[in-house]
Amino acid sequence: MTDLLNGLMNFARWDVLLVLLAAVPVGLLFGVLPGLGGLVALSVLLPLVYGMEPIVGLAFLLASYAVVSTGGSVTAILLGIPGSPSNAATIIDGYALSRRGRAGYALGAALSSSALGGVIGAVVLFALLPIVRPVVMSFGSPETFFLALLGISYLAMLGGGSPIKGLAAGALGLFLGTFGYQSTTGVPRFWMDIDYLLDGFRLIPLALGMFAIPEIIDLMSGQSIAAKRPDGRPMEITHKQVWLGARASVVRKWVLIRSSVLGVFLGLIPGVGSETAPFVTYGAAKQASKRPYQFGKGSIEGVIGPEGSNNAKDGGALVPTLAFGVPGSSAMVLLIGGFLLLGLQPGPKFLQDHMDMAYGLAFVLVGANLIGSLVLLLLAKHLAKITLLPGHMLAPILLTLVVVGAYSTNNNFTDVLFVFIFGAVGIGMKAYGFSRPALLLGFVLAPLLETYLYISLNTYGNWFFLRPICLVLALFIVGGAVMAGIKSHKEHKELKAEKALKQQEGSNSL
Amino acid sequence: MTCRQGNFFSAAVLLLFTSTMLLLAIFNWEYSAKVLQFPLMSGSLLVLCAVWLAIRSFTATEQELIDESEVFSEGNRRCSLLKRALWLSVIFPLGYVFGFIAGLLAFSFAYTGYHGLPWWQRLLTGFVIFAVVYIGFYKLLGVPLPIEPMWMRD
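Listed in order, the protein sequences are those of chains B and C. In short: position in the first sequence from 1, add 41, done, that's the numbering used here. In short: position in the second sequence from 1, add 320, done, that's the numbering used here.
Bound conformation, chain C alone (with noise of 0.2 angstroms):
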C-alpha cells in the first residue's frame, strides 16, 4: 500500500467507524438528546477531519505524505511486519490458556529459539520474564495474577 492510499484508507476508517457509531446511537438505541449531545459534537468533528483527511490524501504530494509517517525498522526474512503482527497475536491466548508464567516463558523461549539468540540470552530473557512476573508482581506486590492456567482456576 502506498502512502497515499494507506493516508485515504485511514481517513475511510475513522469517517466509517465514527458515521455508523452515531447512526446507530440515534437510530437504534435511540439515545435522547442530552445523552447524545457531546458524542455528538466530537463525533461531528471527527467526521469532518476525516473528510479533511481524504480530501487532502489526494491533494498532497507524496513527499508530504511520506515526511510525516514513520517507518518502522526492517529486519530480516525473519522480521517481516506480517510476521512480527503473528508473534504478537499468540501472547494472549497463550497467557490465557496456560497462565502468566508457563505462556509467557513458552512465548519467550519460542521467540528467542526462532531468532537464534545464543542459549545464554534465551535463559537471562527466561529468568528476567520470571523474575518479573512472579517475584516481582505476585509475590512482592501481591498482584493476583493468573500465574495458574486459565481452566484451572475456579
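Okay, chain B solo, but in the shape it has when bound (with noise of 0.2 angstroms):
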C-alpha cells in the first residue's frame, strides 16, 4: 500500500506531468502518420531521456509510446490506413463508418474504447505485479504455441462473408510468413536469390499494401471518403456523433471489458501480443455478438473490441518486461534499453528495490491513455471533417503518407516497391472478397506458431499438447469454433427465411 502511494507521488510530482503533457502529443504524432508506429516512436525518443532523472525518462518514453496506437485509430479510421499495424483490425469497421459518413462516431468509440482499455490494462498491472511471477511461469512454449493456435481459430471469423476465403487468406499469410530465415534453424527459405527475401517479407510494406492502396484506388474515383445524402450535401459532423461513439463503448462494456482483459491476457505473453491481440479481440467480438452479421459492414462492436485491446495489451506486456526483464513486445526492447541508460535494471530486483516506480509508471499508463484520447476526442469533430475532402486532392497525399511510412521504417526503397506488389494483391483480395485481415493475422501468427511446434516438440515431446493449460486452451478453440459453426448456420437459417419472406411479400403485392 505504501509502495502505491509512492508510486501515485511519483506520478504527481510536476515534472513527470510536465512530460507527460510533452509526450502524449509526440506519441499521437508518431501514430497518426503511417509506418512508423511505438517503434520507431520509441527508438527515435530513446537518446532524449539520457541524462533525465529516471521516473521522468522512462515516463516521457512510456507516455510517447501508451498512446502510438490511439493515434494510428485516427488514420484508420479516417483514411483507412493502419497507422500501425496494430490498428489494421480497426479499418474493417471504423473505415466502413467512415464511408457511410459516421466517422464521428466510429473515432468517439474508437478513443474512448483506447483509453478505458488503457485504464483496464493498467489495473491489471497494478494488480500482477506482486504476483506475477506464477502466472508468467507458467506459460511455456507448447501454451504459447496454444496461444497462437487461438488466433488462427479466428481466421475462419474474420472472412465476411465467405469463411473459406477466410481461411485460404489466413492460410496465405502463414504461407508468406514463412519466407526468409527460419527461425530455429537459420536457414533461409523462398529467397530466390533476393537478398531482400532474406529476412522475408516486412510486416509494414505488406500492411500498408493491403489496406492503404485498394483504398486509395478507391477514392482516385474522386468521390470523397465520406458517404454524401440523398440531396447531395456532405453528411455534417458534430461533438454530439463523437459524444454518442463514446457512449457506444461504455454502453457496451462486455466487449470492451473481454476484449481489454484479452488483450492484457496476450501482451503478457512476450512474443504473441503486439500485433496479434487486435485480431484476436475482433474475432472474439465477432464471435460473441447478437449481430455478427454486420461486422465487416460497419458494427460500432468491431471498432470497440480491437481498440479496447490495442491499449490494454501494454499494461500486459509491461509485466514481463518490469518483473523479469523479458521484454513483452519488441518495442518493449527499447524500453529496457531506456531502464539501461537511465542505470536501472528491470526484474525481479528492480521490484524489489523500486516497486514505488513500477506503480509509479502504471500511474503514467493511465495518465498518458486518458490524456490522449481526450485530446483527440476534442479534435475528432475537426479531424473528421478530412473525410469530406475530395477523393483527387486527398489520393495524393495519402500516397505520399504511404510511400513515405513505407520507407521510413527500414530506410529500403524496396519497401516502397513491396507497398504496390501487395497493393496490387490487396486489390484482387477486395474485389473478391478475400480477407485481408486474415491475411495479416496468419502472417503475424506464422514464425510464432512455427518456432513454439519446434521448441516444444523438441523439450517436451509428442504429448507437449497434455499439459493442464494447453488443454483448457484447446478447449476454448474447439469450443469457440463449434459455437461459431452453430451461429453461422442459425444465422444463415434465417437470412434465408428472410429473403423468402420478401419474396413472398413481392410476389403478393405484384
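You can take every hint at face value.
Sample of chain B residues with no beta-carbon within 12 angstroms of chain C, all distances over it, derived: (1) Val160; (2) Val291; (3) Leu381; (4) Leu419.
Taking lysine to aspartate or glutamate pairs in the DMTMM-like style, the calculated list, with each CA pair at most 20 angstroms apart, reads: (5) Lys534(B) - Asp387(C); (6) Lys338(B) - Glu384(C); (7) Lys537(B) - Glu388(C); (8) Lys338(B) - Glu388(C); (9) Lys338(B) - Glu535(B); (10) Lys543(B) - Asp387(C); (11) Lys531(B) - Glu388(C); (12) Lys390(B) - Asp44(B); (13) Lys338(B) - Glu539(B); (14) Lys531(B) - Glu384(C); (15) Lys537(B) - Asp387(C); (16) Lys537(B) - Glu384(C); (17) Lys540(B) - Asp387(C); (18) Lys531(B) - Asp387(C); (19) Lys537(B) - Glu382(C); (20) Lys331(B) - Glu535(B); (21) Lys354(C) - Asp240(B); (22) Lys540(B) - Glu388(C); (23) Lys338(B) - Asp387(C); (24) Lys540(B) - Glu382(C); (25) Lys543(B) - Glu384(C); (26) Lys534(B) - Glu546(B); (27) Lys534(B) - Glu384(C); (28) Lys331(B) - Glu539(B); (29) Lys338(B) - Glu390(C); (30) Lys540(B) - Glu384(C); (31) Lys534(B) - Glu388(C).
Read the hints as simulated data drawn from the structure, not as lab findings. Note that the Cβ used here is the ideal one computed from N, Cα and C, for glycine as well.
Got two chains here, each in a separate frame; can you build the complex from them with the hints?
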C-alpha cells in the first residue's frame, strides 16, 4: 500500500506531469503517421532521455509509446490506412463507418475504448505486479503455441461473407510468413536469390499495401471518403456524434472489458501480443456478438473490440518487462534500453527495490491514455472533416504518406516497391471478397506457430499438448469453433427465411 | 471478367503460386524435412483451400459470389480502374529517379491538374505533401529520406 501511494506521489510530481504533457502529442504524431508506430517512436525518443531523472525519463518514453496506437486509430478510421500494424483490425469496421458518414461516431468509440482499455491494462498491471511470477512462468512454449493457435482459430471468423475465403487468406498469410530465415535453424527459405527476401516479407509494407492501396484506388474515383446525403449535400460531423460514439463503448461494456482483458492476457506473453491482440479480439467480439452479420459493414463492436485491446496489451506487456526484464513486445526491448540508459535494470530485483517506481509507471500509463484520448476526442469533429475532402485531393497526400511511411521503417526503397506489389494483391483480394485482416493475422502468427511448435516438440515430446493450460486453451479453440459453426448455421437459416419472406411479399404485392 | 471467372482466376493463381513454390523447395532448392515442415503444412492447407475455391466458383450461384465481393467506386471516364492503376504505377519510378520531394510533388501537380482541381486545391495538396515529407518526417522526426534524386546519392 505504501508503494502504491509512493507510486502515486511519483506520478504527481510536476516534472513528471510536464513530461507527460509533452510526450502525449509526440506519441500521437507517431501513431497518426503511417509506418512509424511505437517501435520507431521509442527508437527516436530514446536518446532524448539520457541524463534525465529515471522516473521522468521513463515516464516520457512510456507515455509517448502508450498513445501511439490511439493516434493510429484516427488514420485507420478516417483514411483506411493503418497508422501502425496493430490498427489494421480497426479499419474493417471503423473505415466502413467513415464511408457511411459516421466517422465521428467511430472515432468517439475508438478513442474512448482505447482510453478505457489502457486503464484496464494498467489496473491489471497494478494487480499483477506483486504476484506476477507464477502467472508468467506457467506459460512455456506449448502454452504459447496454443495461444497462437487460438489466434488462428479466428481466421475463418475474419472471412466476412465467406469463411473459406477467410481461411484461404489466412493460409496465404501463414505461407508468406515462412519466407526468409527460419528462426530455429537459420536456413533462408524461398528467397530466390533476392537479398531482400532473406529476412522474409516485412510487416509494414504488407499492411500498407493490403489496406491503404485498395482504399486509395477507390478514392481516385474522385469521391470523398464519407457518403453524401441523398440530396448530394455532405454529411454533417458534430461533437454529438463523437460523444455518442464514446457512449457506445460504455454501453457495450462487456465487449470492451472482454477485449481489454484478452488484450492484457495476450500482451503478457512475450512475443505474442502486439500485432495479434487486435485481430484476436476482433474475432472474439464477432463470435460473441448478437449481430455478427454487421461486422465488416460498420459494426461499432468491431471498433470497440480491437481498440480496447490495443492499449490494454501495453499494460500486459509491461508485466514481464518490469518483473523479469523479459521484453513483452518488440517495443519493450527499447524500453528496457531506456531503463539501462537511466541506470536501472528491470527484473525481480527492480521490483524489490523500486516497486514505487513500477506503480508510478502504471499511473503514467493511465494518465497518458486518458490525456491522449481526451485530446483526440476534442479534436475528433475537426479531424473527421478530412473524410469530406474530394478524393482527387486526398489521394496524392495519402500516397505520399504511404510511400514515406514504408520507406522510413527500414530506410529501404525496396519496401516501397513491395507496398505496390502487395497493393495489387490487396486490390484483387478486395474485389473478390478475400479477407485482408485474415492474411495479416496468418502472416504475424506464422513465425510464432512454427518456432513454438518446434521448441515444444523438441522439449516436451509429442504429447506436449496434454499440459493443463494447453488443454484449457484447446477447449476454448474447439468450443469457439463449434459455437461459431452453430451461430453461422442459424444466421444462414434466418437470412434464407428472410429472403423467402421478402420474395413472397413481392409476389403478393404484384 | 465476370465475378465467377474472377473467383476461379484467383483460386488458380493461389494454386499455381503455392504449388510452384513447394515444388521448387522440394526438387530445386532441396530443403531438408526440418526446414520444409511448416511451409509444407501451411502450403498444403492453402492448396486445399484453393482447390475448394476453384470448385466453389462453379457450384456457387453468381449472386452469392457478387454478394461476397466489394465494388470499387466508379468515377468519370478519366478515372477508369486502368487509369487509376497507371497513375499508381508512376509513383515508384518518380520517387526513385527524382527523390521524394521533387518526385512526389511532380506526381501531385500532374495528378490534380489532370483531374482539373482548382488552383488553390492543387497548391494546398502540394503544400501538405511538402510539409509532411520535408518538415514532418525529414526535419522534425529526423528520418533520413532520399530527399535528393537517387542518382545524386553517394
